[in-house]
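From first to last, the protein sequence lines are chains C and U. Just so we're aligned, residue 82 is where the first sequence starts under my numbering, counting upward by one. Just so we're aligned, residue 82 is where the second sequence starts under my numbering, counting upward by one.
Where hints are given, some of them may not hold.
For chains that are exact copies, the list does not tell them apart, and a pair is met inside one copy or across any two.
Claimed, not checked - Once the Cα atoms are required to be at most 27 Å apart in a straight line, the calculated DSSO-like pairs of lysine-lysine come out as:
| # | residue 1 | residue 2 |
| --- | --- | --- |
| 1 | Lys456 | Lys245 |
| 2 | Lys351 | Lys484 |
| 3 | Lys245 | Lys459 |
| 4 | Lys423 | Lys393 |
| 5 | Lys393 | Lys222 |
| 6 | Lys225 | Lys448 |
| 7 | Lys252 | Lys393 |
| 8 | Lys424 | Lys222 |
For the record, the hints were derived by calculation from the structure and aren't laboratory data. Just so you know, these numbers come straight off a predicted model, no measurement behind them.
There are 2 protein chains.
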Amino acid sequence: MRTKITIVLLALLTNASFAQTDSAMIKKIFNEALSNGKSYSNLDYLTNKIGGRLSGSPQAQQAVDWAFKAMKEAGADTVFLQECMVPHWVRGEKEVGKVISTGGKGVKDVPICALGGSIGTPAEGITAQVIEVNGIEELEKIGKEKIQGKIVFFNQPMDPTFIKTFNAYGKAVKQRWGGASEAVKFGALAVVVRSMTLTQDDNPHTGSMGYKDSLNKIPACAISTNAANWLSTYLKTDKELKFYLKMTCQTLPDEKSYNVVGEIWGAEKKNEYIVVGGHLDSWDTGKGAHDDGAGVVQSIEVLRIFKAMGIKPKCSIRAVAFMNEENGGRGGDKYAEMALLKKEKHIAAMESDAGGFTPRGFSSDAKPEIKAKLKKWKPLLEPYGLYDFDGDGGGADIGPLEKQGVPLIGLSPDSQRYFDYHHTPIDVLDAVNKRELEMGAASMAALIWLISVYGL
Amino acid sequence: MRTKITIVLLALLTNASFAQTDSAMIKKIFNEALSNGKSYSNLDYLTNKIGGRLSGSPQAQQAVDWAFKAMKEAGADTVFLQECMVPHWVRGEKEVGKVISTGGKGVKDVPICALGGSIGTPAEGITAQVIEVNGIEELEKIGKEKIQGKIVFFNQPMDPTFIKTFNAYGKAVKQRWGGASEAVKFGALAVVVRSMTLTQDDNPHTGSMGYKDSLNKIPACAISTNAANWLSTYLKTDKELKFYLKMTCQTLPDEKSYNVVGEIWGAEKKNEYIVVGGHLDSWDTGKGAHDDGAGVVQSIEVLRIFKAMGIKPKCSIRAVAFMNEENGGRGGDKYAEMALLKKEKHIAAMESDAGGFTPRGFSSDAKPEIKAKLKKWKPLLEPYGLYDFDGDGGGADIGPLEKQGVPLIGLSPDSQRYFDYHHTPIDVLDAVNKRELEMGAASMAALIWLISVYGL
Chain C
82 MRTKITIVLL ALLTNASFAQ TDSAMIKKIF NEALSNGKSY SNLDYLTNKI
132 GGRLSGSPQA QQAVDWAFKA MKEAGADTVF LQECMVPHWV RGEKEVGKVI
182 STGGKGVKDV PICALGGSIG TPAEGITAQV IEVNGIEELE KIGKEKIQGK
232 IVFFNQPMDP TFIKTFNAYG KAVKQRWGGA SEAVKFGALA VVVRSMTLTQ
282 DDNPHTGSMG YKDSLNKIPA CAISTNAANW LSTYLKTDKE LKFYLKMTCQ
332 TLPDEKSYNV VGEIWGAEKK NEYIVVGGHL DSWDTGKGAH DDGAGVVQSI
382 EVLRIFKAMG IKPKCSIRAV AFMNEENGGR GGDKYAEMAL LKKEKHIAAM
432 ESDAGGFTPR GFSSDAKPEI KAKLKKWKPL LEPYGLYDFD GDGGGADIGP
482 LEKQGVPLIG LSPDSQRYFD YHHTPIDVLD AVNKRELEMG AASMAALIWL
532 ISVYGL
Chain U
82 MRTKITIVLL ALLTNASFAQ TDSAMIKKIF NEALSNGKSY SNLDYLTNKI
132 GGRLSGSPQA QQAVDWAFKA MKEAGADTVF LQECMVPHWV RGEKEVGKVI
182 STGGKGVKDV PICALGGSIG TPAEGITAQV IEVNGIEELE KIGKEKIQGK
232 IVFFNQPMDP TFIKTFNAYG KAVKQRWGGA SEAVKFGALA VVVRSMTLTQ
282 DDNPHTGSMG YKDSLNKIPA CAISTNAANW LSTYLKTDKE LKFYLKMTCQ
332 TLPDEKSYNV VGEIWGAEKK NEYIVVGGHL DSWDTGKGAH DDGAGVVQSI
382 EVLRIFKAMG IKPKCSIRAV AFMNEENGGR GGDKYAEMAL LKKEKHIAAM
432 ESDAGGFTPR GFSSDAKPEI KAKLKKWKPL LEPYGLYDFD GDGGGADIGP
482 LEKQGVPLIG LSPDSQRYFD YHHTPIDVLD AVNKRELEMG AASMAALIWL
532 ISVYGL
């Protein structure tokens, strides 16, 4: 039995004891990010000099030019663009929403915003009675007779009891994405959707929606959680109240745009890659600070940290500022397409697209043995608050690489505040804490360094 | 060997498998806090209806009255006050600070704030040359000749490379607390101290300072980190520039004040207590939201959660709103004194005084076997993001109970943002996220519930 016990002991030790140099290196990476970090000043530029940058907009092109320059400044050995065609949806004039009480005696303005991808209304707007439903599933129960000719008000709140708020989002967001096409089956004229947030505030949260090709298209907009609660209460006393909405949003022909790719060349395996990225496009209503300026500047910061510390990785490290995550995912598709075409070997792909908050761990989409390997590094990373390696998921932009067998990794920041800002006018630099952002960048650099040394 | 291996396996299992009812109960506690929580609305009242509440001020008394009522409303079986005399320091008129270039050609206003406990300046203020030092240790090196008759500018920054910002604070704060008494030994006329924060901003951060009885007292004030950097740079080009400060702060006779104690009676051991608290007083410059309105409302929320869920703990649970943590600690002393006098058995004492941020674990001051017991509950609490049970420390208000052998426990929230707000005008409700605050309250309630069931 001696051998077996020795094996058990060795297994236990391996899990807890790493080379001192590994932990010293990780400490240095965090020191560099927290002492000399450039992620916050980069985010300042991206959000305040460029601002919101919806795919196809002039700001999106400015962001491409900026990212190219920022990657160069971070010390990338080469920076190049990957051309891709992106959807070009425009919001048009400020949307108008009103609630009109029965008989038209009371009219109240309600701030709305078009969901991304929605068609506009006729020039005179749409006025119709409102029927409230608690999510898509309720449509069937209520039935066509009661829905026909009305505006469907999707009012399913996010569930506050999920600890990870993304789980609450995942459950409720179907009504935003698919509500219009589901409601039109029952004869609805338009849909008004409760904002995807756990706060009670006055911001309508935009976000993407889609139509089913076989069905008619009807306009879709969001209202704030405060307005949704008010409307729901009001509907109980005035069941025949009407909603008016006017939107001039439309989808123009696709535009040419780009992923921006910055590369540090590997010393031994130049043609093998670890990719780290975030998405450069954002919604137009805010400035895309957490979503996903944070992920872009953190990815660029990974390059800067490697260069500033004189780390010469064995394989190449690529930072990618992906285009068009919000309403198309064309940049992610293009990156994977090019990787396949060029037969590039990707060791791993990492994404940061959950906000610039204090990092708490990494999620992954990978084989169990690779997930286990990631988790084995937990003792090295837990001193930096990275304790959670169990979650699933990589990121929308790196997702298309999964088919090529690339292990996908997502940074998991603390999620409590994310949906306060998500897709709203308050997703601005002030909502991001400098140290939290830097801690995320350092965490990404540390894990990428481990993968570059030990493989995955 | 079979027996030994079985023991090893059992030990491993014990660590990971708890009664399903325990984890179900903890889930219910979090659900209650996140769905029906009152901590945020209580904090709204405390910060916005009462505001800053320095010991001895009318606002501190209003806070006592409010806490009494809030504990009743939370369902406490009894609420009582503990009288204690507290220091009564007042800031007086808005402080004035100026930098005067050599020859008096340039004068620039510099916002300053008196450190709590400082004496004022003479009516005409103090004007003197400035000598910059990088912390107390440098005074000796520079020597009396160069310091005599000058204003000492303590400019040791907090070290950004500490992951837990409280460690950086602990290292740098000596210059704020003891700088005046150290500098006066070398003949200084006053001290100006760099704010204790890792951000670069324009807020001078107040905080307590003390004098040594045997030494002369000189005025002490804080300047913002931006102003400190600017002053340091300016001193390099104009070595003889002068600083002017005028402050009318003073210490009045002690005032009568109170701890507020709310109690849920134990079903089996009414005379054994688990205490949970925060401090009710705050600095006057802000509204004491994170420091430590958060800890007070979370402690009251623990009572509310127990009552709302119909939990009847075996021992009694006390929420304490301690008075005078910031500049005296008299409330904490009084509580321990009364516990000793009444021979009360305290099973444990917990404090929340590190801000209303996402909780990450619990620190403790306790015997190793008790620390180990706390850590054994980690598998039950980690699903809620509580992974860090290794830190030392309980809290300043519960500290005096240590002599009586009471295990002390501190909530450890994420610390990245804490010193952005600490002791400044921006420590207001808007700096607190509702869910993060609620997560802290739920974490406290969960651990207190475990202790109430299993002891410590």
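Hint check results:
1. Proximity of Lys456 and Lys245 under a CA criterion of 27 Å is satisfied in both settings, with 19 Å inside one chain copy and 23 Å between copies.
2. For a Cα distance limit of 27 Å, the shortest separation of Lys351 from Lys484 inside one copy, 23 Å, qualifies, whereas the shortest one across copies, 62 Å, does not.
3. For the homomeric pair Lys245 and Lys459, the shortest alpha-carbon distances inside one copy (20 Å) and between copies (18 Å) are both at most 27 Å.
4. Only within a single protomer do Lys423 and Lys393 lie at most 27 Å apart by alpha-carbon distance; the minimum there is 24 Å, versus 67 Å between protomers.
5. For the homomeric pair Lys393 and Lys222, neither the shortest alpha-carbon distance inside one copy (62 Å) nor that between copies (42 Å) is at most 27 Å.
6. Proximity of Lys225 to Lys448 under the C-alpha cut-off of 27 Å is found in neither arrangement, the shortest distances being 45 Å within a copy and 67 Å between copies.
7. In this homomeric assembly, Lys252 and Lys393 never come within 27 Å of each other (Cα to Cα): the closest approach is 43 Å inside a single copy and 35 Å across copies.
8. For a Cα distance limit of 27 Å, the shortest separation of Lys424 from Lys222 qualifies neither inside one copy, at 51 Å, nor across copies, at 64 Å.
Of the numbered hints given earlier, the model fails hints 5, 6, 7 and 8; all others are met.
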